[in-house]
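Starting from the two chains in their separate frames, assemble the complex, guided by the hints.
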Amino acid sequence: MRKLVALSAAALAALVTGCGGSSGGAATLNWYIFPEPSGSFAAAAKQCSAASGGRYNIVLNQLPSDSDSQRTQLVRRLAAKDSGIDIIGMDVNWTSEFAEAGWIKPWTGANKAAVTRGVLAGPIATATWKNTLYGAPLNSNTQLLWYRKDLVPTPPATWAQMIQEATALAKQGKPHLIEVQGRQYEGLTVWFNSLVESAGGRILSGPSTVAIGPAAALAAAVMHNVANSPGADPGLSNAQEDQGRLGFEKGDAAFEVNYPFVYPSALADTPKLAKVMGWANYPAVVAGRPARVTIGGENLAVSSFSQHPAAAFAAITCLVNAQHQTVDAVKGGLPPTLSALFDSPALAKAYPFHALIKQALQNPAIRPQTPAYSDISLAIQKGLSPPNAIDPSTIVKTLRSQIKAALSSGALL
Amino acid sequence: MSATAATNQPVTPAPSRKRHLTERARAERRLGWSLVAPAGIVMIAVSIYPIVYAFVLSLQRADLRFPAANKFIGLDNYKTVLTSPLWWQDVWHTVVLTVIPVSLELVIGMALALIMHRVIFGRGPVRAIALIPYGIVTVVAAYSWRYAWEADSGWIPHLLGLKSDPLTSTFGSYLAIIVSEVWKTTPFMALLLLGGLALVPDELHEAAKVDGATAWQRFWRITIPLMKPAILVALLFRTLDAFRIFDTVYIFNQGAHGTETVSILAYNQLLNRLNLGLGSAVSVLIFLMVALIAFLFIKGFGAAAAPGGGER
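Line order of the protein sequences matches chains X and U.
For what it's worth, my numbering labels the leading residue of the first sequence as 1, then goes sequentially.
For what it's worth, my numbering labels the leading residue of the second sequence as 1001, then goes sequentially.
Here chain U stands alone, though its shape is the one from the complex (with noise of 0.2 Å):
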């Protein structure tokens, strides 16, 4: 009975207390909404409202130029658009820009990363310098890589000799596109490894090299499983990038000799032609996909990834 009542007796004025809490705790929520409320407007104003006004819109006859003839049309701009030779073959051309540039880049990013992981002298300019090409602005990028490119005035068809331009065949245009994106972004891709790297311990290393494991061995079997959740946060966020591809293919040549991707599809019909009818329904199209990509990282890899995230 008096252990009981030992017990009960800091108990008895805990509910008091508690009340007191969750009051106290219910002004600090009020004041957390608050708090966040003018950043939850902004988020509203500029990113759920365009979304659903380009939904909306895509859902109309809707064109700058005929005021006079928009009405809603239900779901006919997208049955233009499914239905349209066109948009598949600059789907294609997209996933083509998106799986090419996004694989090099994982592998050239990961050596780097192992480079860099290893650099001891200067560890800091080493990084920064590696990541000058993503600091550089991508029109500006693209357009030093279209002139190192063409036949005139650019030093890569100089040197290796072509006596036609490389940019106006299919195959030249896809490989510098994808040459100055693998250049642009590979850096990006590097960082995120370096962080990856960062959470293998030496010790296993180690270890493994006491039992007589090559250093091929430990990169595939320690290295590389304890990286994958830093592998496929940077394989997602690239693809998810790489899949909205504009200003390279823009500056290069506009979508010319098959280059056209779905970004440069929804730029033509929105600001070129002012159809913002179909224009939207091209950019909800695109939307839908990059959110198909990265619920098909998530679910289809998540669960590798979940275990590296739990002991974090």
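So that you can see chain X by itself, here it is in the shape it has in the complex (with noise of 0.2 Å):
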């Protein structure tokens, strides 16, 4: 309901804002973005219009709160050429499609410089296609492992160990599930993918080319043994991030894969457990090989059907500036992309666990960069769903046909 409201105000604000758009003196750029609870993008919005001195005037509007309808009405409307938008906020994997269908402009020069001075490889890796840059790296995020502290010592460094600790723990009757996300999503993917490149292999080896082999299969029966241990949550096979949360919050689980905002939530909903929740570095597939973590986060674009795109690559490099991202990171909770606000002592207070991320952030795994990313995504989640029902033996050889129909886009997924 509330969706709903913010959905219809979001279209009002656009029709409005849209209508008096052309009318001179500052321009009018609406910004479409994940709706972000903490109000620092607003804020970011505000400040950065008045430090414009009239030259633009950014309005907020928000997009459903999942990042599939977000992307369903953003390429919906860019496909019909829709102008009412001119800030983009998309997540870290749809660059590939969004540039290679000419709906985002290209960064170059002066521009591109400012807004890629310091920010870490693996951001700016996932808002580039074919070697040019199209989005401005907002945020970032990353997984971690979150595990008791008081029921295991040392955190498991692999998946096995973590299986085998869940298991010795349920013989004794403590809490002892591992919370991961396995519902038939882009989460299900996120997973796949981490654990594929942790294994040393890669899903996709070119825009077009299927690399699916020995290292996915690897993967794939990591999250086969996860669902079919006692660690396995009862309601794994729908549990999406949320689920997770809620699932170590209310005692039941000894381990979480999942994004620092669990912390935050935990010290609020559960200062007692918040005590005794440790982190560490995602579980490594192969013993001696650290893991490497599929890298999430927000890259800011501008549409080729902007009427000012001058005044939003500039109002974007105000947006994603040191001050803004931390702002975003310690207020919303979301990871910087610039290097150097991991050391700031303002980042270290709200982050404990800084390091970790940043350490991730520096080799992370990127989701196969293609125009046909949701095609792929949809194959392996459909692929993959439900993780209990996973045949090792055959995954790989399903896995790879679906994939190479899902690129030549000519089959039904």
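Treat the hints with care, as some may be off.
[Claimed, not checked] In silico SDA-like pairs for lysine to any residue, Cα to Cα no more than 20 Å straight-line:
| hint | chain 1 | residue 1 | chain 2 | residue 2 |
| --- | --- | --- | --- | --- |
| 1 | X | K81 | U | F1066 |
| 2 | X | K382 | U | G1258 |
| 3 | X | K404 | U | L1086 |
| 4 | X | K149 | X | A280 |
| 5 | X | K382 | U | F1246 |
| 6 | X | K250 | U | I1156 |
| 7 | X | K382 | X | S393 |
| 8 | X | K250 | U | H1158 |
| 9 | X | K272 | X | F261 |
| 10 | U | K1163 | X | N388 |
| 11 | X | K382 | U | G1172 |
| 12 | U | K1079 | X | S408 |
| 13 | U | K1071 | X | S408 |
| 14 | X | K382 | U | T1083 |
| 15 | X | K331 | X | Y259 |
| 16 | U | K1163 | X | S229 |
| 17 | X | K349 | X | F261 |
| 18 | U | K1209 | U | A1198 |
| 19 | U | K1079 | X | G410 |
| 20 | U | K1228 | U | L1106 |
| 21 | U | K1071 | X | A79 |
| 22 | X | K81 | U | L1064 |
| 23 | X | K404 | U | T1083 |
[To be verified] To spell it out: a stretch of chain U is covered by chain X in this simulated footprint if at least three of its residues, at any positions, have a beta carbon under 8 Å from a beta carbon of chain X; those stretches are:
| hint | segment |
| --- | --- |
| 24 | 1061-1072 |
| 25 | 1260-1274 |
Hints were generated in silico from the structure; no laboratory data involved.
Nothing here was measured: the structure is a model prediction, and the numbers come from that model.
All C-beta atoms, glycine included, are put in the ideal place defined by N, C-alpha and C.
Structural data, given as structure tokens:
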């Protein structure tokens, strides 16, 4: 209901501003991005507008809360060449699709230099398609392993160890569940991608070359083993990030693989549990080979159909600057993309685990970069859902043919 | 002669009056057409045009992300869909999610209608209350049912003492979706059947009672035959509706656990993949299947329904 209201409000705002957009003076820039609850985006939009000295006025418009619906709304409007969108908040895995379709403008020259200076390599790679930068990294994200220090003295280094420890805890009748994202949705692809890259493989080796092989077999086996172990949450095959957070806060889980937002949430909801909440690197698939974790986050792009592209580039440069990224991180819990910010005292306080995040972001796993990404993700989700039914002996063959069909865009998915 | 004259006399002015009327009728008809025209144009714009456009798209390779690759490919999209095992699996899921809920709704709806028909005190409020589930937005109803069934937060697994999560199995998912659908649309069925019940005259029941017919016999021999037209209309509406099921399944699990329906398949091709060609082919096939269901209902049961309709 609230989403509906927000949506219609956004639509109305777009309508109103769309009408008043061309009247001289300050250019109205419509910024579409996911609904940020802390208000840090709204504050940034206000400050940047004020700082522009009347050059532009940024209007913040909210997209739906889940990433699939955000993309659906954006692509529908961009495919119709809607000029009512100027600044696009893109999930890191949309870049190649939007760029290839010609919906977003490339970043070049001084603009490019301004938004890439001091930015970690991982986020820049997610905003790049065919050696051209198409977005300004706004924030990043990565998953860590969260565990109960009171139950597990040293965190497991591999998935196999984690399953072993969960099994042992289950035998002792202690909280033992492993919270992961097992529902048929984008989160399942994220899990699989992290595991494949951690095992040393890749899903695609080029925009249209399927590279699924032995590493994918190892990854699928891990998913199958987790889902069939005593550590499997009864609701695993329907679990998203938030179910994992709730499961951990309820006290049934010993482990949770999730984004950093779970920590402030635990501090607020269950302070006692937060005290025994430990964090560690994402578990490895192969012992001795550090995991590579799928990178998340948002990049800001300029719509090709914007009537004020120059102002939009300038506005984005302001929105992603160090000052605003710090507020986004401390108030909104969104990890920054600027390397130096990880060492700032404000962040160190809000992010006691900042060193681990920075480490993961320096060598991240990037989801397959191809204009047909959503097709591939759909094929992977359908092939791996539900995780407890994965057949490790045939899954590689199935996924390979499904992903090939998805790339050709000529098959039903 | 005088008789013929007498009969002729009023006839003679008639043609002229008739011609006069025809002119007026013609003007009225013109007025009628021009009054209907706005509605007709709107209908063409919002319903005929999209259907035709969807059909045209279904004959093309049309993908919003690769506009340069668009071209006419004839019936290839239909070939892809109809030779895909996924399409037939989804048709089967949809049939299951149509037949079972509609049958249950018919039985429960009939019981509800009989109760509502016999209510003496507070008829209006009783009927209004029975309609509440139907008044709730499907997405909202689906969410509340999903939360009710979830192992962590739901009261249903708790009440049944289940250790596992019912929504992680195919059987449990179907059960939950069917319960949610039946709960939501039974009132609609009951209301349509209630209208049919009102058509059954009490005298027939009284006469049968005098002849010694039991309540069961009266129900099967009097109520049901006289209600047939209402039952068929209710079944037709609900079947057409149920066949296009989307929201409930989408909210529960987006088609995971073997519950994907043809509408979700169309959604995935159209809105997720932006593959307008394939998606339109799926949509056109759904449209044809819905049309076929309507045709079968009317052809198969139309003869049975006609006398009832004729009497009215």
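Hint check:
no.	hint	result
1	X:K81 / U:F1066	14 Å, holds
2	X:K382 / U:G1258	10 Å, holds
3	X:K404 / U:L1086	16 Å, holds
4	X:K149 / X:A280	11 Å, holds
5	X:K382 / U:F1246	18 Å, holds
6	X:K250 / U:I1156	19 Å, holds
7	X:K382 / X:S393	17 Å, holds
8	X:K250 / U:H1158	16 Å, holds
9	X:K272 / X:F261	17 Å, holds
10	U:K1163 / X:N388	17 Å, holds
11	X:K382 / U:G1172	19 Å, holds
12	U:K1079 / X:S408	16 Å, holds
13	U:K1071 / X:S408	15 Å, holds
14	X:K382 / U:T1083	19 Å, holds
15	X:K331 / X:Y259	16 Å, holds
16	U:K1163 / X:S229	15 Å, holds
17	X:K349 / X:F261	15 Å, holds
18	U:K1209 / U:A1198	19 Å, holds
19	U:K1079 / X:G410	11 Å, holds
20	U:K1228 / U:L1106	12 Å, holds
21	U:K1071 / X:A79	17 Å, holds
22	X:K81 / U:L1064	11 Å, holds
23	X:K404 / U:T1083	17 Å, holds
24	1061-1072	holds (count 6)
25	1260-1274	holds (count 7)
When each numbered hint is compared with the structure, no violation occurs for any of them.
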